[in-house]
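Protein chains in written order, with the working numbering: chain P, 1 to 147; chain G, 1 to 147; chain D, 1 to 147; chain B, 1 to 147.
Certain hints may be false.
Intra- or inter-copy, both count: the list cannot distinguish identical chains.
[Stated by the list, open to error] Okay, derived cross-link-like pairs now, DSS-like style, lysine-lysine, Cα gap no bigger than 27 Å in a straight line: (1) 16 to 85; (2) 129 to 85; (3) 16 to 94; (4) 94 to 129.
Derived from the structure by calculation, the hints contain no laboratory data.
The model shown is predicted, which means the values in this text are computed figures rather than measured ones.
Read off the chains here:
Protein chains: 4
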Amino acid sequence: MTNPTDGAMPARFEHKINVTWGDCDPARIAYTARLPWFALDAINAWWEHHFDGDGWFQMELDHNVGTPFVHMSLDFRSPVTPRHKLMCEVYPMKLGNSSIRFAVNGRQDGVMCFEGQFVCVFIIADAFKSQPAPQRLRQIIAPLLRV
Amino acid sequence: MTNPTDGAMPARFEHKINVTWGDCDPARIAYTARLPWFALDAINAWWEHHFDGDGWFQMELDHNVGTPFVHMSLDFRSPVTPRHKLMCEVYPMKLGNSSIRFAVNGRQDGVMCFEGQFVCVFIIADAFKSQPAPQRLRQIIAPLLRV
Amino acid sequence: MTNPTDGAMPARFEHKINVTWGDCDPARIAYTARLPWFALDAINAWWEHHFDGDGWFQMELDHNVGTPFVHMSLDFRSPVTPRHKLMCEVYPMKLGNSSIRFAVNGRQDGVMCFEGQFVCVFIIADAFKSQPAPQRLRQIIAPLLRV
Amino acid sequence: MTNPTDGAMPARFEHKINVTWGDCDPARIAYTARLPWFALDAINAWWEHHFDGDGWFQMELDHNVGTPFVHMSLDFRSPVTPRHKLMCEVYPMKLGNSSIRFAVNGRQDGVMCFEGQFVCVFIIADAFKSQPAPQRLRQIIAPLLRV
Numbered sequence: 001m002t003n004p005t006d007g008a009m010p011a012r013f014e015h016k017i018n019v020t021w022g023d024c025d026p027a028r029i030a031y032t033a034r035l036p037w038f039a040l041d042a043i044n045a046w047w048e049h050h051f052d053g054d055g056w057f058q059m060e061l062d063h064n065v066g067t068p069f070v071h072m073s074l075d076f077r078s079p080v081t082p083r084h085k086l087m088c089e090v091y092p093m094k095l096g097n098s099s100i101r102f103a104v105n106g107r108q109d110g111v112m113c114f115e116g117q118f119v120c121v122f123i124i125a126d127a128f129k130s131q132p133a134p135q136r137l138r139q140i141i142a143p144l145l146r147v
Numbered sequence: 001m002t003n004p005t006d007g008a009m010p011a012r013f014e015h016k017i018n019v020t021w022g023d024c025d026p027a028r029i030a031y032t033a034r035l036p037w038f039a040l041d042a043i044n045a046w047w048e049h050h051f052d053g054d055g056w057f058q059m060e061l062d063h064n065v066g067t068p069f070v071h072m073s074l075d076f077r078s079p080v081t082p083r084h085k086l087m088c089e090v091y092p093m094k095l096g097n098s099s100i101r102f103a104v105n106g107r108q109d110g111v112m113c114f115e116g117q118f119v120c121v122f123i124i125a126d127a128f129k130s131q132p133a134p135q136r137l138r139q140i141i142a143p144l145l146r147v
Numbered sequence: 001m002t003n004p005t006d007g008a009m010p011a012r013f014e015h016k017i018n019v020t021w022g023d024c025d026p027a028r029i030a031y032t033a034r035l036p037w038f039a040l041d042a043i044n045a046w047w048e049h050h051f052d053g054d055g056w057f058q059m060e061l062d063h064n065v066g067t068p069f070v071h072m073s074l075d076f077r078s079p080v081t082p083r084h085k086l087m088c089e090v091y092p093m094k095l096g097n098s099s100i101r102f103a104v105n106g107r108q109d110g111v112m113c114f115e116g117q118f119v120c121v122f123i124i125a126d127a128f129k130s131q132p133a134p135q136r137l138r139q140i141i142a143p144l145l146r147v
Numbered sequence: 001m002t003n004p005t006d007g008a009m010p011a012r013f014e015h016k017i018n019v020t021w022g023d024c025d026p027a028r029i030a031y032t033a034r035l036p037w038f039a040l041d042a043i044n045a046w047w048e049h050h051f052d053g054d055g056w057f058q059m060e061l062d063h064n065v066g067t068p069f070v071h072m073s074l075d076f077r078s079p080v081t082p083r084h085k086l087m088c089e090v091y092p093m094k095l096g097n098s099s100i101r102f103a104v105n106g107r108q109d110g111v112m113c114f115e116g117q118f119v120c121v122f123i124i125a126d127a128f129k130s131q132p133a134p135q136r137l138r139q140i141i142a143p144l145l146r147v
């Protein structure tokens, strides 16, 4: 979902996740290892939203562009539970020559649950070889950058 | 597994993971979101190894001690595949009053695949309330600390 | 989602799943073990839809009703991929004294991908003891039964 | 692991799984959707054991043989917990011209937790096309058949 805004600021993207029983551990909160998984789901949804429905699967198979992760970092602020939807805000923070840094902030009922940063590199998928960010992607990403 | 060493250095702990077909994505490497999951499996195995088989499940239910994660950070150096076992070295780096920092380094065939750091806090499990690291745990952990 | 129908037939319930890169294995189709997971997500969504948003988590914790599985059976007809949404139709087939049988049929782009049947029993959650289906649930479920 | 037996009966194969905190749901037992996942891990381990370490990954990529699932059926007898190792016995029940049926029985501390049957078909992996069971596989599988 993108909320319309005036031209001064890029629209906000949030991916909604229905956290359920099966995501929770015996402490009755989402198991820690599910949280980076959710964050990756949200980043994939960000690609789908901005590139005509193309997520990692289509990027790799149809466009020969891969974006493997080289780094992730997460701070867990508050437990994630099935009591509220998990709203994952995603935005690109930095677009390097051949890399991209994303922020993913997960909130439930307005409370920040986790804040993460993720760095991916652009590769020629079938060669698993680094490449500069393709021009078509760069043009769409650049105006979405935020700090 | 702990390799015996002279008293000068704590023994090395490695947790072996059999990476399989179901862990891999269409790029034929382990899916990124599986890697923090593997690292957590390794930390749980570290607890089991040093505390008479008690992992997070027994710590929480039998001893009322929880160790939820407040931070994780991973650098991905090389893809993980089913071609070799994934050897996850785990050791505590820092033991604070009520927190513990772990290093988890995942290697395949001698190649560093990922390096991670994870911070957990000690809580009274049924109250979900912070507590100092229990003395019994502290005594076992302290000599295992490495930088 | 429920499509409105005349009173002669219960409304149809479908749960939509966004299959992604991370669900797929190196054959570029959803990994087999993901499919019963998706089916369970769909059954949980069926409960949420018909019981004011209460899924397994709320049933167990707020109402002390558990519905553990005693049987599942799936036939896989066609591969599941990220190319289309996975539409999982769920309906109760049989309501016994203390058990319920669900059908879950997963389709993509109109093609049947898998057909499954799942049997759950009703239990008093905190006692893990069998109980008859609670009257409130029975009243809602009975009119939804189909063959 | 294979227990040696006299020639009259094929050796027994069991795959050991360390069930942990992260496998459990708020009812403090392994989440239902983890159980077919464990069973598949066990079948993959059965292939690895009998074919020089080659599981599904190597069969597909190195030998161009795929064995997708067309059916699974499981009866859940008793909850799976982290209190004991989960011992998954695997054996082939039937070898058809181009299909194979496996039994997977999961036990903890001698108690039967689940009994499952799984049917796979042999395919030419890169063509996703049915093929008769390759002769090399057939020769190894045939003497392992049990009812």
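Right, here's what the structure says about each hint:
1. Within a single copy, residue 16 and residue 85 get their C-alpha atoms as close as 6 Å, and across copies as close as 16 Å, so both meet the 27 Å cut-off.
2. Taking the shortest Cα distances, residue 129 and residue 85 sit within 27 Å of each other only across copies (24 Å), while inside one copy they are farther apart (38 Å).
3. When the C-alpha separation of residue 16 and residue 94 is checked against a cutoff of 27 Å, the pair qualifies only within one copy, where the shortest distance is 23 Å, while the shortest distance between copies is 33 Å.
4. In this homomeric assembly, residue 94 and residue 129 come within 27 Å of each other (Cα to Cα) only inside a single copy, at 21 Å, whereas the closest approach across copies is 37 Å.
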